[in-house]
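> Turn these sequences into a full structure, and let the hints steer you where they fit.
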Amino acid sequence: MDYMRNGHHHGERRRGREGSPSRGGAKTFRRGRVIAFLETLQVKRATIADQLKKPEFQSIEQILIGELKAIDLVIDEYKNLFEIQEGETSATESASAEHTEEGENEEH
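In the numbering used here, the protein residues as written are 3 to 110.
Accuracy of the hints is not assured; some may be wrong.
[Unchecked claim] Simulated restraints, written as ranges between beta carbons of each label pair:
#: 1; residue 1: LYS29; residue 2: ILE67; range: 34 to 40 Å
#: 2; residue 1: ARG32; residue 2: GLU88; range: 18 to 24 Å
#: 3; residue 1: ALA28; residue 2: ASP52; range: 32 to 38 Å
#: 4; residue 1: SER61; residue 2: THR30; range: 34 to 40 Å
#: 5; residue 1: GLY89; residue 2: THR42; range: 17 to 23 Å
#: 6; residue 1: GLU85; residue 2: THR42; range: 14 to 20 Å
#: 7; residue 1: GLY34; residue 2: PRO57; range: 38 to 44 Å
#: 8; residue 1: GLU85; residue 2: GLN60; range: 38 to 44 Å
#: 9; residue 1: ALA72; residue 2: LYS29; range: 27 to 33 Å
#: 10; residue 1: VAL76; residue 2: ARG32; range: 27 to 33 Å
These are computed hints drawn from the structure, not numbers from a lab.
Computed from a prediction, not measured in an experiment: that's the story for all the values here.
Quick reminder that beta carbons are idealized off the backbone N, C-alpha and C, glycines included.
Shown next, in the form of structure tokens:
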């Protein structure tokens, strides 16, 4: 089996699904992980925004508002750093935008 290495014939490249060459490689994989982490941040942001609406969190409202502003700052910096466009993330981004509008209306 000297002609095989890692289950592939010597000189044969690893192929993606259905025999087509895999595209994008590590860069695409890393970008996917960046976007997945951004979506996690957006879910956390939505959770904090939901807590602001609930009466049982009234006693820590100012803390939640501060956390919301902080996570918004982190999300904005993250998008700028990794050059993430508005449409690149999933539906959590639109939910996050709705919460931002609601949060701005509550503060005024």
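> Next, verify each hint and record whether it holds.
Quick rundown of the hints versus the structure:
In this structure the hint that LYS29 and ILE67 lie 34 to 40 Å apart at CB holds, the actual value being about 38 Å. A beta carbon spacing of about 20 Å between ARG32 and GLU88 agrees with the range 18 to 24 Å that was offered as a hint. Restraint check, ALA28 to ASP52: a C-beta distance of roughly 36 Å satisfies the suggested window 32 to 38 Å. Checked against the given bound of 34 to 40 Å, the beta carbons of SER61 and THR30, roughly 46 Å apart, lie outside it.
One distance hint, 17 to 23 Å for the beta-carbon pair GLY89 and THR42, holds here, with the actual separation near 18 Å. Between GLU85 and THR42 the beta carbon distance is about 19 Å. The supplied range of 14 to 20 Å therefore holds. At roughly 39 Å, the beta carbons of GLY34 and PRO57 sit within the given window of 38 to 44 Å. At roughly 39 Å, the beta carbons of GLU85 and GLN60 sit within the given window of 38 to 44 Å.
A beta carbon spacing of about 30 Å between ALA72 and LYS29 agrees with the range 27 to 33 Å that was offered as a hint. With their beta carbons about 19 Å apart, VAL76 and ARG32 fall outside the hinted range of 27 to 33 Å.
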